Amino acid sequence: MSKRWLKDFLRYINKVFLPEGCTKWAKDERKDPEIEPGTIWVTLLIGFALQVQSLEELERRAKESFKKLLPRKQRPPSADTIRHSSIGMELEPIKKLYIAVINKARRSKMLPTIDHYRVAAIDGTGIFRTQSRCCNACQEVHHQDGTTTYEHKIVTCQIVGGKPPIILGFEPIKPGEGETTASKRLVDWLYQVYKHFADIVVVDAGFAKAPFINHLCSKNIHLVVRLKDKRMHIVKDAEGLFSRQVPAKTWREDKSSTTHLDISAWDEEQFNSWDGMKKP
Numbered sequence: 002m003s004k005r006w007l008k009d010f011l012r013y014i015n016k017v018f019l020p021e022g023c024t025k026w027a028k029d030e031r032k033d034p035e036i037e038p039g040t041i042w043v044t045l046l047i048g049f050a051l052q053v054q055s056l057e058e059l060e061r062r063a064k065e066s067f068k069k070l071l072p073r074k075q076r077p078p079s080a081d082t083i084r085h086s087s088i089g090m091e092l093e094p095i096k097k098l099y100i101a102v103i104n105k106a107r108r109s110k111m112l113p114t115i116d117h118y119r120v121a122a123i124d125g126t127g128i129f130r131t132q133s134r135c136c137n138a139c140q141e142v143h144h145q146d147g148t149t150t151y152e153h154k155i156v157t158c159q160i161v162g163g164k165p166p167i168i169l170g171f172e173p174i175k176p177g178e179g180e181t182t183a184s185k186r187l188v189d190w191l192y193q194v195y196k197h198f199a200d201i202v203v204v205d206a207g208f209a210k211a212p213f214i215n216h217l218c219s220k221n222i223h224l225v226v227r228l229k230d231k232r233m234h235i236v237k238d239a240e241g242l243f244s245r246q247v248p249a250k251t252w253r254e255d256k257s258s259t260t261h262l263d264i265s266a267w268d269e270e271q272f273n274s275w276d277g278m279k280k281p
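Going by the numbering used here, the residue at position 130 of the sequence shown is 131; the numbering climbs one at a time, nothing skipped.
Everything labelled a hint here was simulated from the structure, so no lab data went into it.
Since the model is a prediction, treat every value here as computed from it, not as a measurement.
Not one of these hints is a red herring.
Computed beta-carbon distance windows for the label pairs:
1) G241 <-> A138: 42 to 48 Å
2) K280 <-> S258: 40 to 46 Å
3) E57 <-> K4: 16 to 22 Å
4) F272 <-> L51: 51 to 57 Å
5) P165 <-> E240: 36 to 42 Å
6) H223 <-> E58: 44 to 50 Å
7) G162 <-> G241: 29 to 35 Å
8) V247 <-> K97: 50 to 56 Å
Positions of the beta carbon are idealized from the N, C-alpha and C atoms, including for glycine.
The task is simple: from the sequences and hints, build the whole structure.
Quick look at the structure:
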């Protein structure tokens, strides 16, 4: 990769996406560092763009290829400096920068849509587990073999409908609470920083709970829920009703060159068998 390409790339993202002076937002725990946290940001950004595989390789590439692209009067950081800075890097400035980049992309209509609808998916996931408790936020999980692990879990919101699959935000799941409780906090935060962040939100059956659905509906967001449990009253009602109707629409989706999926869809209102729902 040529140095000219890299220079043009940095100039482009700085002009189109990054707020002016954003590298000055960076802060870490080092005292009076010679290499500023903003320089670490720029170095890591270039390393990400170049798909560098290790900090040692990043140090070498920085000295050989892009030391002139770093902020003025700053030299390329060593692998140890990048590591120490990253460990103590304050997260709020990074979050602030991420929000600014996403909002710029939204205003420029760069984010993908599906038939002009902004679609996002919310789901829970584990981010790491250990054999011993590392902090008060650890969730204790007991396994069938008698072992116990301590896990950290989050719920995330990700754009659906194109690439790259951008994550709009995440929220930790606190000990003793479920995914939907954390998801309600996430939705409130997303609405605060992005306003109407999605027209449609897609979730799996674990989120099919009235408080969460009511919370989304109160913000004028439509919901698509994948329900697999045929014991649920609303699923039984739908099957009984749709069995006597012709589908409103049918279509075929190719899964591969040799397999396909036939889909039938019905459209019906006034389902009242979902306990706790404020709207049919």
